[in-house]
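Work the whole structure out from these sequences, hints included.
If you're matching them up, the sequences are chains A and B in order. Position 326 of the first sequence, counted from 1, bears residue number 988 in the working numbering, the numbering being contiguous throughout. Position 93 of the second sequence, counted from 1, bears residue number 99 in the working numbering, the numbering being contiguous throughout.
Mixed in with the good hints there might be a few duds.
What the hints assert, rightly or not - On the chain A side, residues computed to face chain B include the following (Cβ under 7 Å): (1) 839; (2) 865; (3) 883.
Stated by the list, open to error - Sample of chain A residues at the chain B side, in silico, Cβ under 8 Å: (4) 807; (5) 849; (6) 852; (7) 882; (8) 887; (9) 951.
Simulated from the structure, these hints should not be mistaken for lab results. Here the structure is a predicted model, which is why all the values come from computation and not from measurement. Idealized CB from N, CA, C, for every residue including glycine.
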Amino acid sequence: MSNDTHNPNLRESATFDRSTMAEIRRAAETGIYDIRGFGAKRKLPHFDDLLFLGASMSRYPLEGYRETCNTSVTLGDRFAKKPIKLDIPVTIAGMSFGALSANAKEALGRGASMAGTSTTTGDGGMTPEERGQSKKLVYQYLPSRYGMNPDDLRKADAIEIVLGQGAKPGGGGMLLGQKITDRVAQMRNLPKGIDQRSACRHPDWTGPDDLAIKILELREITDWQVPIYIKVGATRTYYDVKLAVKAGADVIVVDGMQGGTAATQDVFIEHVGIPTLAAIPQAVQALQEMGMHRKVQLIVSGGIRNGADVAKCMALGADAVAIGTAALVALGCNDPKWDDEFKKIGSAAGYYDDYQEGKDPAGISTQDPELMKRLDPVDAGRRLANYLRVLTLEAQTLARACGKNDLRNLEPEDLVALTVESAAMARVPLAGTTWVPGQKF
Amino acid sequence: MNTFDLSTNTVTELNHALHAQKDKMTQAEWVVTNPKGSHNLAVGLDSELAVDIHGHAGYFCAGMNKTASITVHGNVGQGVAENMMSGVVRVKGDASQAAGATAHGGMLIVEGNAGARCGISMKGVDIVVKGNVGHMSCFMGQSGSLVVCGDAGEALGDSLYEVHIYVKGEVKSLGADCVQKEMREEHIAELTALLAKAGVEEDPASFKRYGSARELYTFKVDNASAY
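This is the structure in structure tokens:
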């Protein structure tokens, strides 16, 4: 591999590239692993490796501006008295107050509500700002149980039991001392300023048989009113989904390895889990084999950026998607207008991932009161709502082109793959062929 | 007093009837018969009820309790009084693992023994165990007090935050960052009050106190071997 210097005789090692060597020097200097936020940065098979087969002779399309294409979805109608009804199939993933500022949480609630969808709490409890601005709020039930209480549980529109997340399946949360302010410490019942490590597994149950009882407990406490989701990081997705359904989940959330985090070890983010693309067919197969596809809804997250990604997830069998990183970018995360400020802290707009340090110039992943003021929750909420509408319009455009009057009518048959890897993972044919790697004919 | 027979009614009907007391209190005292190890008994209560369960209870009995007083005249399964906010839960027999897990307030009294991880991630509850507690008890305990009148198993108080632990008997081993601490007058006073509130007759002076060394509160390279 050549580098970008002027001397063509200089050749950079593909194995020991500059980034790799920089990390070796950093490790040698500090003696501790690198902790950062964001999601996997390595190149992975992703939705860009799939294409839609638009209608022509063998299929007929729908008119873009005249014929409707439904985007609404109902989640959790298996057992709950009050399932969640969303106008669009794009939800906001769980992100904690603590990791994010109160203004950012409020903005997420505002944007989601304007667009007719739900937002989700995180590892730190429910804030009044978020509940107040979120018409539909999913309350996460995490191993740490920070801020967990029955009053907030009953205020929630759904409960999401978190077993893991795509950025760090098998790992717990992490919130370093810089962000444990008085308010965060009070909500989590922790000393101010410590490096907080959340548990990686739930304290009062182990395994799917126990989980079935835990789900019933939550249903009893909430009088069977609200749906119960189970969120897993994508690893052994086929088996995890089967066990989650058997345990009684109303909705399954599968988070691929491109999913973001507020803070964890870099080695965890880059080397644990499977790509979102590979996880969806596993989850759908599990649901179909149990006769539960569309009865237990599937939400997919991890690296979703545009309406094409949304449509491809749904074509592969998801009922809805969740976005986290993209939602933060819509609010203003990594915005180039703060580039000078990013440079002052050794980063650059578009590269910033040290969410754990609490110095985010954009005022999103911080608890610094002065930095927080930079994010206007009303304006940021409006940007998020706009972005969500664009995602929906784009997904509708693709669905109509495939002749579908409902996003959930998209199907794998509408897709082809550009690479052998993505064809094998997504279980759709390589473009121009009938070949699906790994499948017999 | 209202008697609720679980041989002829469901757990959901029991919980629904108890929850309804929050809107309009019609009966403050309840007796539950024939629990036969059922799970999720008397969970999510939010009013000043007195509930007596005659028999053994399964998992998560009295989970997320607020203000109610719940007594189990038998043994309880995993996660009794998990995430309790306030009130009193008394177990006349033994408790399985994770008793009082993540509980934020109130008092849990186990008159027998408690299994592994008693008080795991506790967040303000006071737990008094007349017998022994199992391994990893008070793991990641954040605040509140754990009183053990018998012995404690391996790795007591591992990764402890600010819980006050008092043990009368032997401690098989301490977990990471948990150390024995001086028993000062204020601790004797605190323990005396806890024992009195729990109705347990023990000499506070015969207990030892354990707490966090606070060495692992921030990441330090020198502590890597402790993780």
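Could you check the structure against the hints above and give me the numbers of any it violates, in ascending order? Result: hints 5, 8 and 9 break, sorted rising.
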